[in-house]
Amino acid sequence: MGLLSDPNRRRALIGMLTRLNAPICLICYMAGVAWFMGLAFEPFTLRTYMSENAMGSTMVEERFPSGERALATGREFAAHKKKNGGMPVDWLVRTMQSRGLEVFTQHFSRKLPFPDEDKERYMVKGTNVYGILRAPRAPRTEALVLSAPCSPGNDNNQAVGLLLGLAQYFRSQIYWAKDIIFLVNEHDLIGMQAWLEGYHHTNTTGMDWSPLQGRGGSIQAALSLELSSDVVTSLDLVLEGLNGQLPNLDLANLFYAFCQKIGVLCTIQGKLPRNDWDTTSGYSHAVQTMMLMVLKQASGRPWGDHGLFLRYHIEAASIKGVNSFRQYKTDATTVGRLMEGMYRKLNNLLERLHQSYFFYLMPSLTRFVSIGYYMPAFGLLAVILLLRALDLWVQLSSPPTKTEEGGIEVPSSPGVLSILTPLVISHLTGVALYTLPILSQELAVEHFPVSETEAVVLTAIAIYTAGLALPHNTHRLLSGEGTEQGWKVLKLVAVLYLAVLLGCTALINFSLGFILALTLVPLAAFITPHVPKALSAFVMVVLSPGFTLLFAVFFFQELQETPVSVQEGWMLFLSVISQGILDHALYGSLVYPLVALLVYPCWLLFWNILFWK
Amino acid sequence: MAAPLTLLLIVAVTIRAALFRSSLANLISARVEVVSPLNAWKRVVEGLALLDLDISPYSGDVFHETPMVIYLFHFLVDYAEITFMLADCLTAVALYLAVKDYNKQVFRKQKFELEADRYPMDCLELIRSPTEMYYIPLKVAMVYLLNPFTILSCVAKCTCGLNNAVIALFILSTMRGSALLSAIFLALATYQSIYPLTLCVPALLYLLQRLYIPVNVRRSSFWIYTLQYLFMFLGSLFVLVGLSFFLLGSWDFLPAVYGFILSVPDLTPNIGLFWYFFAEMFDHFRLFFLCVFQINVFFYTLPLSIKLKEHPVFLIFMQIALIAIFKSYPTVGDLSLYMAFLPVWNHLYRFLRNIFLVSCVLLACSALFPVLWHLWIYAGSANSNFYYAITLLFSVAQILLVSDYFYAFLRREHHLTNGLYLKKKDGSEATLVLK
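Protein sequences appear in the order of chains V and C. Going by the numbering used here, the first residue of the first sequence is number 335, and it counts up by one from there. Going by the numbering used here, the first residue of the second sequence is number 44, and it counts up by one from there.
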C-alpha cells in the first residue's frame, strides 16, 4: 500500500509516468501488436487436448455402412426439390416417418426490413421439417441436434441424404441415451432462428412461426452438416457464431480426434495444420489462419447454421465438406462414420461441455491460444488510454494549486456544459445513424434512382459522413467556451469512455475489441487541437470505424486468396454494411448497434477535440 | 433557492416517469445489481398476493420485507410508482434541508474560531467561504436525484428507496435537534434493515454537542441524556415490532426478515461480498465466517466514533458508507445515499489522493457488471469468478473512496490546528505519511 499512501513515492511514479508518457505509450502499442503477432508462433501456443472425460477415454466403434444409399436418397431429395421448386416437405415427412422418426413441421414467415440482395430474398416463407429419434435407454431430458440446410439450387443435397441415412442407421442402434433431432431447415439462418425460437419459446426478433408440436429434451450439442459433392477431399470446421461467440473447445477437439482416427483431412478456415512452424512460410500460414478467425469473429455474424445455437447455451459447430483437386478422396460412408463417432461420444456426455475453453483463438486446428495469453495484447493497448488519462488528469489538477490565491474555481462550472453538449450531439448522431437508414428507405427510393438496399446503405454512409461536419455546429451552440481546460476535460472523458467501451467489447468479442483498439487507440492518444489540422483530420478519417471496416474487407479477401479490385472491394464493402444491418434486424447481432450507438459517437468526440477553437 | 430545487425535482420525476413507461423498466427490475432478495418489488407483490389470500406473507421463503412495508403497499399498491418517486424526492429534500442546516453550523463555528484566533495564519486558504458553500445543498439534492444508481433503483421499484428516505429524515431531524423524531426515525430505519443501528452513536454525539453537554463518563448530565435517547430509540423500536406483531398476528417476520439479513441464506449474486464467499464455503465454517462478516459492519463504529467525536456528521457519512459496503444484501440504491454526501466534502478535494483511480475503477466496474453477467448467465462462456472479481474490485474502490475521504478530513483538521505548511525540526518541508 506504499504507493497509495506514501506521497513521495507517488510523486516520483506520477512524475515518471507523465514525463515519459509518449515513449511509454509508443512502447506499449508496439508491444501490444508484437504480442498479438506472437500468438500465432507455435512455441507460444498450446496443443489442443480433450478435457472432457466422458468423451476422452471411452472406445467407440463406427460401423455406418450405407454411404451409397445415403447419396441415392440425396439424389432423390434433389429431384423432389427441383420438382417442388423448394423444400419437398411432404416427401421429407414421408421419408423420415418411414425411417421410424417422430416427424413434425414448422412454418415460418418473415419480412426483411429491406431486400437482401446477396441472397435475393425479401418476403421469406418456409417450412422446417424435423424428426425426433427418441432415446431408448434414458428419459427424454436431453437431446442432440443434427441439422442440414435445404439450400436453393443444387447445394447440400448430399448433406440431407446423409442426414436421412444416419437417421435410419441410428434408429437401429440401442445405445442412445439422448434424443437425437434431425432437422432440415429452409432459408438457412432464418429457418434456424425460427426453429430455435420455437423450441425455446422465445421471440426476440419478432418473427412469425407456428409453435412446435414435438420437442426433445434440452439440447446439449448440435452439428450442422454441409455437403455438396459425393466425395470430399477434406472437411472444414466452422466455429464462429453470433456476436463472435465460440463453442467449447472440446467440440473442436472431438472433431479433430475423429478426423485423425478415421483418416480424413481436416481444416479450419480452409487451412491445413502444418508442422514447419520454424520456417517463415509456416509462421505466415499460422498468422493467416489466426487472422481469418479474428476477422470472422469480429464481424459478429454467424458463419454457419450452427451460429444461432450458441445463444441458447448449446455448443454447436458446422462441418463443411470441401471438394478440391487433391488426389485423396473421402466417400460418404467415411463422413457418415465420422458423424456417427462424434454423436456416439456426445451421447456419452454426462453434463454440458464446460471443461475446456470458451475463449480461444486457433492458429491451426491442433493449436490454440487461450484468453490468458491473448488478453495481454489488448491490455497493452488499453493501458495507453489509461496513461493518457492519467497525464491529462495531472495536467488538469496542477494549475489550481498555483492559482489558489486568486480563488479561481470558476472554470470548472462552464466545463460541464461544454462537455455535455458534444457528448449529447455526437450520441444523437449515433442514434440517427442507427435508426434513420431503415426508416428513411422509402423516402430515399422515391427521390433517388436507387434500390431499397442501396438506399439503406447509402443513407448510412451519408449520415456517417455528415457527422464529420458537426464540430462547427457544436461550437455555434456554445458561447464563451473553447478554453484550454475545456478540451482537456473533454478529452479525459472521451479517453476514459473509449477505454471502458473497448474493454467491455473485448470481453464479449475479443477480436472486435482488438481491431477497434488497434485503430482507435493511437488516434485517441495523439489528438489535441494543436496538431496540424489537415493532416490529422486525414489520419483520423482513415482510422475511423468505417474505414477500418473497408480495410478489413480487403484484408479478408487477401487472406482468403481471392484478392479483389478496388471497384469490387467497394461493392463488397456496401454489401457488408447491408449484411451487418440485416444481421442485427434478423438475428440480433450486436456489432451494428455497437458501432453506431457507441463507437462512432466516441470517435466523433475526438473529432470534436481536433476542431476545438 | 427554492426555484432550482423545484426544477430539479421536476426533472428527476420526469426522467423516472419516462423510464417507468419505457420497456427498460422490466429489464432494470431484473438486474441483480439493482434489486436484492430483500427488497425486490417482485417479492413484495408476491407477499401482497399471499396477504390477500389470508396466508402469512412470510410462508414460502420469498418475501423478506418488514410488515410495515407490506401494509404500506397494501393500500398503495396501485400508486407504487408515485410512492417510489415521492420517496426519492422526500430523500432529496430532507438531505437538502439537513445539509443547509449543517453548513450554517459549520460556518458559525468557523466564524467563532476565527474571531477567537484559533487558526494558524497560513491556514486561511483552508477557510471555507459562504459563496462556495451556497450551492452545496442543491448539489447534494442533485447528486442524489440524478445519480444513475438512484434512478435505476427507483425504476426497479426497489424498496431500498424507502429505507433511504427514512435515513434522510433521521438525518434531518437530528440536524434540527429534535431528539424524539430522530430516535423515532432511527428506530424505523433499524426496524427496516438492522444495520442503521450504528447510526445511534453519531446521532447521540451530535445531539450532545448541540446541547453543549461534554462527552464525559463522569458527568451525570451525559448519562441522563444518553439514557433518555436510548430509551426513546428502544421504546419506538419496541412499539414498531409490537405493532407488526399485532398487524400480522404472528412472530413469523422476525426470522424471515432479521434472520434472513443476519444468516444470509440467499446467495443470489449481488454487488456485495457475501454471496460468493458463502457459496464456496464448507458448511462447518459458515457460522464463524458469518459472524466475522457481520461484525465488520459494526466493528468500525467504536474506533471511528472515538476519532471523529467532534465531527458527528462526518461520522454519519462514514457509517452509511460502511453499511452500504459491508451489508449482506447491498444494492446500488444504498450506494447512492452516501454518494449524495460527497458534495458536502468538496473542500476536502485538495487532500484526496486516489480520487482519479477510484472514479475510474467505479466507472469501469459499473459498465463491466452487466457485461460479465451476460457472459456468465446468457453466453455461458464466463463463470461466477469473473463476476465476483468485479464485485471485489467494486468494493475495494468504495473502501478506498471512503478511507480517502476519512484521511482527507483528518488531514484538514490537522492542518487547521498545526498550520498548512508543516516544517520538520530542522526547518525543511515535512510531508504527512499515513502508515
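Note that these hints are calculated values from the structure, not bench results. Watch out, some of these pointers could steer you wrong.
What the hints assert, rightly or not - Some residues of chain C that are not near chain V, with every Cβ distance over 10 Å (derived):
| id | residue |
| --- | --- |
| 1 | Arg261 |
| 2 | Asp309 |
| 3 | Leu459 |
As the list claims (entries may be wrong) - Short derived list, chain V residues pointing at chain C, Cβ under 10 Å:
| id | residue |
| --- | --- |
| 4 | Arg686 |
| 5 | Gly713 |
| 6 | Val834 |
Virtual Cβ for every residue (Gly too), placed ideally from N, Cα, C.
When the hints from earlier in the document are held up against this structure, which numbers fail? Hint 5 is the one this structure does not satisfy, whereas the remaining hints hold.
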